[in-house]
Amino acid sequence: QKEVEQDPGPLSVPEGAIVSLNCTYSNSAFQYFMWYRQYSRKGPELLMYTYSSGNKEDGRFTAQVDKSSKYISLFIRDSQPSDSATYLCAMRPSMEYGNKLVFGAGTILRVKS
Amino acid sequence: SAVISQKPSRDICQRGTSLTIQCQVDSQVTMMFWYRQQPGQSLTLIATANQGSEATYESGFVIDKFPISRPNLTFSTLTVSNMSPEDSSIYLCSVVRARTEAFFGQGTRLTVV
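Protein chains in written order, with the working numbering: chain H, 416 to 528; chain U, 2 to 114.
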């Protein structure tokens, strides 16, 4: 079993839709949770990170962590064609310097205009 | 954030040859990380490059196949040696500022024929 599971998609939605991207994990030691966006032929760029359980909002993006269920989500409101990319979840046990990240496989999102 | 320049951005190589990938960061960092991203799979950490000491390799990766140099605090190279088609992948360098999130270069897309 992989430490982090993420549906690879592709997920195709119409412009303006609410998008829900999800990851599950097995290691209860994970405390920091991140979402990266990766455009084609580019490196991943950090979108959001959260610590422990709860919600965090940034513009059209909301990250949600449920540690009791070992489940994290990224919601995108009013999705735009420019949101079309691969979204990677990542997590780590602590933010101690050098502590490696564990990534999901990434979900391909396509927003149709 | 961090500005990371990685080159080449892509290359097509003959099997049995070697390719050296360069990673330049805009400021000094203690640790640099090398990842591999195969189609449809997670980012997999290859090794951690420390300035002034040997790189630390993850399970399944060895120095003879992926030698790493780290001559100073802003630069690192990863060599993919004696390449086979199975080495076709995207290779990414990454840095982590103390207690902050990981930042990535744009990646090197390698095709071995």
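Derived from the structure by calculation, the hints contain no laboratory data. Glycine residues also receive a C-beta, built at the ideal position from the N, C-alpha and C atoms. Among the clues, some could well be false.
Said to hold, decoys possible - Derived list of chain H stretches under chain U, where covered just means 3 residues or more per stretch with a C-beta under 8 Å from a C-beta of chain U: (1) 476-488; (2) 494-500.
Claimed, not checked - Simulated crosslink set (DSS-like; lysine-lysine; CA at most 27 Å straight-line): (3) 527(H) <-> 515(H); (4) 515(H) <-> 417(H); (5) 527(H) <-> 457(H); (6) 66(U) <-> 457(H); (7) 485(H) <-> 66(U); (8) 515(H) <-> 485(H); (9) 471(H) <-> 515(H); (10) 8(U) <-> 457(H); (11) 457(H) <-> 482(H); (12) 457(H) <-> 515(H); (13) 417(H) <-> 66(U); (14) 417(H) <-> 457(H); (15) 471(H) <-> 457(H); (16) 66(U) <-> 8(U); (17) 8(U) <-> 515(H).
So, going through the hints one by one against the coordinates:
no.: 1; hint: 476-488; result: violated (count 0)
no.: 2; hint: 494-500; result: violated (count 0)
no.: 3; hint: 527(H) <-> 515(H); result: 35 Å, violated
no.: 4; hint: 515(H) <-> 417(H); result: 16 Å, holds
no.: 5; hint: 527(H) <-> 457(H); result: 21 Å, holds
no.: 6; hint: 66(U) <-> 457(H); result: 25 Å, holds
no.: 7; hint: 485(H) <-> 66(U); result: 36 Å, violated
no.: 8; hint: 515(H) <-> 485(H); result: 19 Å, holds
no.: 9; hint: 471(H) <-> 515(H); result: 23 Å, holds
no.: 10; hint: 8(U) <-> 457(H); result: 12 Å, holds
no.: 11; hint: 457(H) <-> 482(H); result: 31 Å, violated
no.: 12; hint: 457(H) <-> 515(H); result: 21 Å, holds
no.: 13; hint: 417(H) <-> 66(U); result: 25 Å, holds
no.: 14; hint: 417(H) <-> 457(H); result: 25 Å, holds
no.: 15; hint: 471(H) <-> 457(H); result: 26 Å, holds
no.: 16; hint: 66(U) <-> 8(U); result: 19 Å, holds
no.: 17; hint: 8(U) <-> 515(H); result: 23 Å, holds
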